[in-house]
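Enquirer: Residues per chain are reported as follows:
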Amino acid sequence: DAGITQSPRYKITETGRQVTLMCHQTWSHSYMFWYRQDLGHGLRLIYYSAAADITDKGEVPDGYVVSRSKTENFPLTLESATRSQTSVYFCARVGDSEKLFFGSGTQLSVL
Amino acid sequence: GQQLNQSPQSMFIQEGEDVSMNCTSSSIFNTWLWYKQEPGEGPVLLIALYKAGELTSNGRLTAQFGITRKDSFLNISASIPSDVGIYFCAGHHHDKVIFGPGTSLSVIP
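Residue numbers (our numbering), protein chains in the order written: chain A, 577 to 687; chain B, 5 to 113.
Derived from the structure by calculation, the hints contain no laboratory data.
Each hint should be verified, as a subset may be incorrect.
Straight-line Cα separation of at most 20 Å, SDA-like style, residue types lysine to any residue; simulated pairs [as the list claims (entries may be wrong)]: (1) B:Lys100 / A:Asp672; (2) A:Lys675 / B:Pro113; (3) B:Lys100 / A:His617.
These numbers come from a predicted model, not from an experiment.
Chain B extracted, bound-state conformation:
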């Protein structure tokens, strides 16, 4: 079946630093979604991408849909303590939505 891989698995960064995380797949996806999850809560949608090559921003977050439709990246600029959480990528494939294993982000004040 379809699988998504995320890297890195975890990150520890200093407040103010920029962050970049990646999501790859062996399959083509039609839509990419990026989520953030905080402890005890459900994932919250950050950015949605619909076209190959699309670059979309949401405040300090920027994400791109890869040209091959098999990858996507998420960048966070000037990180702050409230950016702490687990970031998931997800892809739409026909009727299903498949999630990557997540990247855990820790921000050191």
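Isolated chain A, as found in the complex:
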């Protein structure tokens, strides 16, 4: 058990709509990450958080917003979804010894 839950598992939305992807860890580890995975690009870092109320940009932050009001939750919001944001999104937490554990992912389609 990776101790990290993502929801929803699948989401279809329309261009211009706001979408929020949820991520919850059953632990209280400090670091959490959001990645997107696309064919040919591997896993690209969108945003990460070192602790509650501390967030920072990764490689591809444009079009995304995050918040971390509680240590356990790290939601990712697409404020105005675009087709280029169709992707699989993975949330992860850093556990003991700098090991990164992933959720099962959210498959997002923007029509």
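Using the hints, position chain B against chain A.
Expert: Coordinates of chain B only, in the frame set by chain A:
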């Protein structure tokens, strides 16, 4: 920014063969991680490496942290059909964890 390169991009091997894949970077990383991902799932951690020169095994898997801290390799011995998947290397650099593009492994029974 930091980039990781993986080779080969894909491999097709016969069941029972040994496999070797590589990960390189132009930057120094403090920790190397190797992951396997199967379709529809998130990446699963296989091996973590913390010191330059470190050699670590996990069953049929062996990985090494390069002396220069800019590379790592993963070997799989006596491959089996369930080894099929995409293998990613990842490196810790300050607060970030960066991933390579992956090596796709196919095992022919």
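Enquirer: Take the hints in turn and mark each one as holding or not.
Expert: Right, here's what the structure says about each hint:
1. B:Lys100 / A:Asp672: holds (16 Å)
2. A:Lys675 / B:Pro113: Since the Cα atoms of Lys675 of chain A and Pro113 of chain B sit roughly 33 Å apart, the hinted pair is violated (cutoff 20 Å).
3. B:Lys100 / A:His617: holds (17 Å)
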